[in-house]
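Asker: Chain by chain, the residues:
2 protein chains.
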Amino acid sequence: MAKKISTKPGLPSKGRPTARDAATQKKLVGLADTVARNALAGKEPVIHVPTRSKSNTIWNKKRGILEIGDAKQERQLFNLNQAKQFMQTMIHASTIKDLIELQKTASLRSVFYKAKHTVAGTKENTFDTQDESDPILEDLEVSLGALREELHIFAENRGTLVGNLTVIDRGDEINARKQGSGGWGIPSIVEPDAIQFKKCEAKFVLHVEKGTVWNRFNEDRFWEKNNCILTHGAGQPPRGCRRLLQRLNQELGLPIICLLDCDPWGHYIYSVIKQGSISLAFESSRLAIPEAKFLGIRAKDYRELHLPEAARIDLSDNDIKRANEIAAYPWFEENRRWQSEIRQMLDNGFKMEVEALIGRGISFVTETYVPERLARKDWLE
Amino acid sequence: MAKKISTKPGLPSKGRPTARDAATQKKLVGLADTVARNALAGKEPVIHVPTRSKSNTIWNKKRGILEIGDAKQERQLFNLNQAKQFMQTMIHASTIKDLIELQKTASLRSVFYKAKHTVAGTKENTFDTQDESDPILEDLEVSLGALREELHIFAENRGTLVGNLTVIDRGDEINARKQGSGGWGIPSIVEPDAIQFKKCEAKFVLHVEKGTVWNRFNEDRFWEKNNCILTHGAGQPPRGCRRLLQRLNQELGLPIICLLDCDPWGHYIYSVIKQGSISLAFESSRLAIPEAKFLGIRAKDYRELHLPEAARIDLSDNDIKRANEIAAYPWFEENRRWQSEIRQMLDNGFKMEVEALIGRGISFVTETYVPERLARKDWLE
Numbered sequence: 001m002a003k004k005i006s007t008k009p010g011l012p013s014k015g016r017p018t019a020r021d022a023a024t025q026k027k028l029v030g031l032a033d034t035v036a037r038n039a040l041a042g043k044e045p046v047i048h049v050p051t052r053s054k055s056n057t058i059w060n061k062k063r064g065i066l067e068i069g070d071a072k073q074e075r076q077l078f079n080l081n082q083a084k085q086f087m088q089t090m091i092h093a094s095t096i097k098d099l100i101e102l103q104k105t106a107s108l109r110s111v112f113y114k115a116k117h118t119v120a121g122t123k124e125n126t127f128d129t130q131d132e133s134d135p136i137l138e139d140l141e142v143s144l145g146a147l148r149e150e151l152h153i154f155a156e157n158r159g160t161l162v163g164n165l166t167v168i169d170r171g172d173e174i175n176a177r178k179q180g181s182g183g184w185g186i187p188s189i190v191e192p193d194a195i196q197f198k199k200c201e202a203k204f205v206l207h208v209e210k211g212t213v214w215n216r217f218n219e220d221r222f223w224e225k226n227n228c229i230l231t232h233g234a235g236q237p238p239r240g241c242r243r244l245l246q247r248l249n250q251e252l253g254l255p256i257i258c259l260l261d262c263d264p265w266g267h268y269i270y271s272v273i274k275q276g277s278i279s280l281a282f283e284s285s286r287l288a289i290p291e292a293k294f295l296g297i298r299a300k301d302y303r304e305l306h307l308p309e310a311a312r313i314d315l316s317d318n319d320i321k322r323a324n325e326i327a328a329y330p331w332f333e334e335n336r337r338w339q340s341e342i343r344q345m346l347d348n349g350f351k352m353e354v355e356a357l358i359g360r361g362i363s364f365v366t367e368t369y370v371p372e373r374l375a376r377k378d379w380l381e
Numbered sequence: 001m002a003k004k005i006s007t008k009p010g011l012p013s014k015g016r017p018t019a020r021d022a023a024t025q026k027k028l029v030g031l032a033d034t035v036a037r038n039a040l041a042g043k044e045p046v047i048h049v050p051t052r053s054k055s056n057t058i059w060n061k062k063r064g065i066l067e068i069g070d071a072k073q074e075r076q077l078f079n080l081n082q083a084k085q086f087m088q089t090m091i092h093a094s095t096i097k098d099l100i101e102l103q104k105t106a107s108l109r110s111v112f113y114k115a116k117h118t119v120a121g122t123k124e125n126t127f128d129t130q131d132e133s134d135p136i137l138e139d140l141e142v143s144l145g146a147l148r149e150e151l152h153i154f155a156e157n158r159g160t161l162v163g164n165l166t167v168i169d170r171g172d173e174i175n176a177r178k179q180g181s182g183g184w185g186i187p188s189i190v191e192p193d194a195i196q197f198k199k200c201e202a203k204f205v206l207h208v209e210k211g212t213v214w215n216r217f218n219e220d221r222f223w224e225k226n227n228c229i230l231t232h233g234a235g236q237p238p239r240g241c242r243r244l245l246q247r248l249n250q251e252l253g254l255p256i257i258c259l260l261d262c263d264p265w266g267h268y269i270y271s272v273i274k275q276g277s278i279s280l281a282f283e284s285s286r287l288a289i290p291e292a293k294f295l296g297i298r299a300k301d302y303r304e305l306h307l308p309e310a311a312r313i314d315l316s317d318n319d320i321k322r323a324n325e326i327a328a329y330p331w332f333e334e335n336r337r338w339q340s341e342i343r344q345m346l347d348n349g350f351k352m353e354v355e356a357l358i359g360r361g362i363s364f365v366t367e368t369y370v371p372e373r374l375a376r377k378d379w380l381e
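These protein sequence lines map, in sequence, to chains L and A.
Under our numbering, read the first sequence as residues 1 to 381, first letter to last.
Under our numbering, read the second sequence as residues 1 to 381, first letter to last.
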């Protein structure tokens, strides 16, 4: 049965500012006002930036996500160590205000170029490299409590989608059932005023790690036969892809089922999709999907499926180190089934990729492996 | 005026084998027959593989493309140094025959997994790593005179397209005018029996280097205002993207106009799009676009457009080395305007990225730079 979804009156990005834009603009003006008010009152201009570090990251067991703690850093104008970053923060805030007013978006690199110049009368550059610029934008995100996407800044589009879903993308209706072999590119900005879900018959999302695996599933029309949506994120999925998966989960109630490699990298990708990451802990509530499921590849598969020896890739010393680190993450540490999964991989002494299932036939993964696991709900959570 | 294109009766990939498949299958069987006939006649089984090296690459000045020469290497079964590669070639040929019969495609990695096993009664593996496997597939391409795509093998999809074009992709009609901010992902396999052009009003293709630049042009609806198709290839465009551009050029007569960075990497990308590359010289006639144009960024732009100092990135020693190597390519060496372009970049002592044009305004590149250059046909060829 097709779900009919009442969409919010989202505007294409070139329309008048949305309510969300107005709210962001208000926050930006508030930041500038605080600085100005202090200065006019003869007080030292200071801004407070929540600390983005492992020590200020909290595991919220109840919500099942990583969150940022209360620690904040002061950024003072009249402090030799902080004056430059203070200035950088103000320059970027000003660019973002312009972007919102113009109803345009810009890439991380463009924002860096926009800001980079030699300070008049000095030989000092505002920014020397983009490595200096990107963290200042993250500072603004977390200080203002506004997603990068709400600041009108995008990264590279990455990841692809097909399946039983109709999406409105900046006013264009995308029928994801008719996207051929190419698929619809998942945009970097997928907030509700840009992207709305119009019609969805799908019962779940199958998220795979790599584009080449996605090709196999799309060619076999897995999403049609199994009434789902098929996505990949080209490795560690970027923010746009994670946010879209979260919206599909929260707004349409679709389970997110992940098919990733049986190796520490696959486990880490799952961990980030599910609980969030330390570096973006301040955005977990808009990115993390605590309900996400890990369907495979499982360490038991080698024996259970009589896979050929070719499926085995020896674990390196670094793999073993990473596996132990991941096993010690609080959200895995308390999970007996995950502890056993990682232990079994370490006992095997080898990792396995999804592609290795070709040892059982070209379409074994789409016609047998995934359908059987789904039918008996054989996954890790 | 919209061009109506009579499409060939292309089949979705899951239909019965196409004429192209039948031809490829015949070549594969021919290869096997030769080996079998020799063996049965008591002669040594040998295959001949055209040599893919710089020394066997010829610059065809008249056609304006790189071509592979006549040099061939023997691959003998009864030669200790060649027996393994002989076996590897036969294993992959057999997998490809299966793929075509099943009407399926497989990724480079899957084909490696399919072939990898321990030879019965020995401790020897057929393949140890994918690095051994991919060149054997290229050997088969060039020996059989069949594109990798014709061998039913794909790489990662990469690159995106929007614009005034309707495409049929494995039977699905894709309206590239209605692809939102995400765009249609350019598939890895874009041969005529998979992808047909249905309707095209566009007068040219603007091909940009990066996805983030593509986003700027798409957000400003450049393709709509300038009646074109907008593509990117995520850096050096993969084969699927290059082949699609070539088909748009040859079948629809659209000029391919490239907007790339003013640096040796941008010049090299242009060179590959235009003339082909040494490693894929055997496929130039199906990939290269001798008519492709280089619109910018140009070395003169810094002064001509009064760009801010921020636009400059100092050339590294390696950049200078690469620039001189590229200037010595025969197709650039004989081109006075290109010699002057590279010289000017070296004299400047700096490179420039497309994103740096933001120094003149967020949409300067889409509203002023490209339209003005197009109007006065200010490009390099």
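One or more hints might be untrue.
Treat identical chains as interchangeable: a pair holds within one or across any two.
Stated by the list, open to error - Subject to a maximum C-alpha distance of 30 angstroms in a straight line, what follows is the list of computed DSSO-like cross-link-like pairs (lysine-lysine):
#, residue 1, residue 2
1, Lys199, Lys26
2, Lys377, Lys104
3, Lys377, Lys84
4, Lys104, Lys300
5, Lys225, Lys27
6, Lys203, Lys178
It is worth saying that the hints were derived from the structure and are not from the lab.
Keep in mind it's a predicted model, so treat the numbers as computed, not measured.
Asker: Of all the hints numbered above, which does this structure not satisfy? Sort the numbers upward.
Answerer: Of the numbered hints, 1, 3 and 5 do not hold.
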